[in-house]
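Protein chains: 2
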Amino acid sequence: MKIDLPRLLDNLNRYSEIGRVQEIGVERIALSDEDKVARDLLKNQMEAAGLEVLIDELGNMIGLRKGLEEGAPVAFGSHLDTVYKGGRFDGALGVLAGLEAIHKLNDEGITTKKPLALINFTNEEGVRFAPDMMGSHVYSGQATVEEIWQSEAYDNPKDTVKGRLEAIGYLGDMKTGSMALDSFLELHIEQGPTLETDGIDIGAVNMVQGIYWTRYTIKGQANHAGTTPIGYRKDAGYAAAQIMQFIGDYPRKADDRVLTTVGTVSFEPNAINIVPDAASFTLDLRSVNAEALKKAQKAIDAFIENLIKSSGLELEKEEMVRFTPVQFDSGIVKLVRSEAEVLGLTVREMPSGAGHDAQMMAAMCPSAMIFVPSVKGISHNVQELTLDADIENGANVLLNIVLSLASKA
Amino acid sequence: MKIDLPRLLDNLNRYSEIGRVQEIGVERIALSDEDKVARDLLKNQMEAAGLEVLIDELGNMIGLRKGLEEGAPVAFGSHLDTVYKGGRFDGALGVLAGLEAIHKLNDEGITTKKPLALINFTNEEGVRFAPDMMGSHVYSGQATVEEIWQSEAYDNPKDTVKGRLEAIGYLGDMKTGSMALDSFLELHIEQGPTLETDGIDIGAVNMVQGIYWTRYTIKGQANHAGTTPIGYRKDAGYAAAQIMQFIGDYPRKADDRVLTTVGTVSFEPNAINIVPDAASFTLDLRSVNAEALKKAQKAIDAFIENLIKSSGLELEKEEMVRFTPVQFDSGIVKLVRSEAEVLGLTVREMPSGAGHDAQMMAAMCPSAMIFVPSVKGISHNVQELTLDADIENGANVLLNIVLSLASKA
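Chains A and B, in that order, give the protein sequences. Read in our numbering, the first sequence has 378 at position 378, and its numbers run on one by one without any break. Count along the second sequence from 1, add 1000, and you get the number used in our numbering.
The set of hints was computed from the structure by calculation and includes no laboratory data. Heads up, a few of these hints could be off.
Have a look at the derived ranges for each label pair, beta carbon to beta carbon [to be verified]:
hint	chain 1	residue 1	chain 2	residue 2	range
1	A	G169	B	R1014	47 to 57 Å
2	B	D1388	A	R322	48 to 58 Å
3	B	K1309	A	G169	49 to 59 Å
4	B	K1294	A	D249	22 to 32 Å
5	B	M1174	A	E305	41 to 51 Å
6	B	E1305	A	S330	48 to 58 Å
7	B	E1305	A	D40	46 to 56 Å
8	A	D249	B	R1007	26 to 36 Å
9	A	A302	B	Y1232	20 to 30 Å
DSSO-like cross-link-like pairs, simulated, lysine-lysine; straight-line CA separation at most 27 Å [said to hold, decoys possible]:
hint	chain 1	residue 1	chain 2	residue 2
10	B	K1298	A	K234
11	B	K1295	B	K1317
12	B	K1162	B	K1043
13	A	K219	B	K1376
14	A	K234	A	K219
15	B	K1253	A	K253
16	B	K1298	B	K1113
17	A	K295	B	K1234
Don't be surprised by glycine CBs; every beta carbon is placed ideally from N, CA and C.
So here's chain A without its partners, still in its complex pose (with noise of 0.2 Å):
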């Protein structure tokens, strides 16, 4: 069975109006006015195909389809929400493709047995409120709904997650994770270069990446930038450099099993005269080998202990993400493979580098992930494109497994 690609085409077009930055990115922050906009336009969608909507205490959105039997449901999507300056496939493929599979069930009048579920889980990019991958995160267990509504925004400690969830008109009644999943399955974009440059149609994600997030504060003193001799600084933007250039240098010198970014970076008073009293950063760490990502993490809070030590500097660390890598289901990710292989594609089974909300649900149901290329590998990007031909393979695939996975008794 195929999907319509004209008509997954034309929606992704429309979604990708709603916060659309430049000629083809998408800025729609999670919580954000254009998040609502998305997701209004998704329920009123969802409400049209057929679908029974469940909103959850996080603003999950579940589009429910009865099957022939009772019972948990075989569960697929991804999010609507993006980066600041994103592109229009990072999430929205997951969801609209998925939406386009129900359609296409509709069109031809096929009931599966187990029942099936759309969903669009809130705040998955975590650029606004901690952490990422948000509504996943508590629908498997793994945070309660009460920590979570309280996370502050990053530019607007006033603004939380339940405030927004309210001022949106997304603070659902059902209780987050309280619906049974049968298993869990994502397409996305690769949002890396190596299915595209080795001319691959389909990853099987067999396994996600862990991620460490550390914000790191340093503080020193403010001081005249002329008159204070150097031997009588405490420069905490000096020594934010240093770290900020081992923290870059680490990966390329010392261990290229891990990736590090550090993706912000403020000084205090940040005036062009004065020595920085406080410098803060941000370190994103990431490692498909368990044993690396600790290592690395290790490395880095080392050297900058011993900075600070032999500086006369003070630190503020702040654990904010420590995921461990996560193992996808292999009966799925093999299903994945053949399935793929049935449509004449190629496939490769490969490891994400991104967190994903299905490494979230694979904690609770049996879950995989589908990949396809992003054209040079570019995301998080107003440049973020994958090619028409790409898209209607994966939205095949995943249209392909949801029949496998919900015609099984």
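Given the structure of chain A, go ahead and fit chain B onto it with the hints provided.
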């Protein structure tokens, strides 16, 4: 003759309440509402002291006291604006000790031969509008009013110098620089530790360090922190870290005749899981030695250009300030020494590490500065402090030099 210390301390306390921060700090950003409050108070006090108050097109405030003879006045003063989270003495001491000198002459019924001019220059600090030493820069004929009026606030391009002058009521009609001056003298805190450390009462400032300010912006490519192999990245943040470390290392390892400070930094899009596509930071570079200054700037620029070339990034460079070292008038410097010695104070000739209005004024008339000790050398900080005895010493030296300069035929 000696000033009235309690009266001067009372007045310093009064101004330190305008924009007060924490125990003893002050935040009175140039052209802010707090600046207006301080200006209004000074205007009233100048008028009450019998001065004719002139406001020029850049908001410079001049309080004129007639002499027995016509001609160019002996001028003295400083500035009432501060940095963010600044101190109570940086600038205000020079203005208010000048006002105290006027009060003392009034008390004693003395009219000098030459007229006197007490000046409060606009925006010496330059933390919100470039350039710093703005008022004296234009007064001394080194920039035009028209170009400076257009300067935009760093935090809001809609705020211009002219707009803010209008908003606070200090867009005056006197042509900036139209009044010739006999000489200019500025009393200021040292803002460094040397006088206190060596137990010297008074600094006779014979020159001011050269200052170069440069803003660098590195452009790379935004990409996903978890999926983009290190070799594919164009990481503007990592490049910035390498450069910022090189800049910090330079005076520590390559040439200790210069001071380097990176006081501001920002990344775009500044998200934890996105490789930065832009990183911007400023360099504050100073030296008493013009050759060392040029050499350091050249070395830093060469490092940056090599890094940019080898990493496929792009660079934007803005030369914000290029002040070469300035020599003060040797006659007035000698007068500072001799008047201090007459008062029984220890005195040392020294350079200024910070930029000051007097260095601008040196281009139009004989100028010099008097320094008093800063406790622990702390400045541009809410902890900034100068002891009462040092305030008294500095104000007495100022008063007696003014008398000496203005009594001359």
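* Asked: Between B/K1309 and A/G169, does the C-beta distance stay in 49 to 59 Å?
  -> holds (52 Å)
* To do: With a cut-off of 27 Å on the C-alpha distance, tell me whether B/K1298 and A/K234 pass.
  => holds (26 Å)
* To do: Note whether the CB distance of B/M1174 and A/E305 lies within 41 to 51 Å or breaks it.
  => Roughly 59 Å apart at Cβ, these two residues miss the hinted range, so it is violated.
* Hinted pair B/K1298 and B/K1113, Cα distance within 27 Å -> Judged against 27 Å, a Cα distance of about 50 Å means the pair is violated.
* Falls inside 20 to 30 Å, the C-beta gap from A/A302 to B/Y1232? -> Because 28 Å falls inside the window, the suggested range holds.
* Asked: CA of A/K295 to CA of B/K1234, is that 27 Å or under?
  -> holds (25 Å)
* Asked: Do B/K1294 and A/D249 keep their Cβ atoms within the hinted range of 22 to 32 Å?
  -> holds (31 Å)
* To do: Could you check the hint for me, namely that B/D1388 and A/R322 are 48 to 58 Å apart, CB to CB?
  => About 54 Å separates the Cβ atoms of B/D1388 and A/R322, which means 48 to 58 Å holds.
* To do: Using the beta carbons of B/E1305 and A/S330, state whether their distance is inside 48 to 58 Å or not.
  => holds (52 Å)
* Does the hinted range 47 to 57 Å hold for A/G169 and B/R1014 at CB? -> Roughly 53 Å apart at Cβ, these two residues keep to the hinted range, so it holds.
* Compare the distance between the alpha carbons of B/K1295 and B/K1317 with 27 Å, and conclude whether the hinted pair is satisfied. => It holds: about 17 Å lies between the C-alpha atoms, which stays within 27 Å.
* **Distance restraint between B/K1253 and A/K253, which requires alpha-carbon spacing of 27 Å or less** => Measuring from Cα to Cα gives roughly 23 Å; hence the hint holds.
Hints 5, 8 and 16 from the earlier list are contradicted by this structure; the remaining hints agree with it.
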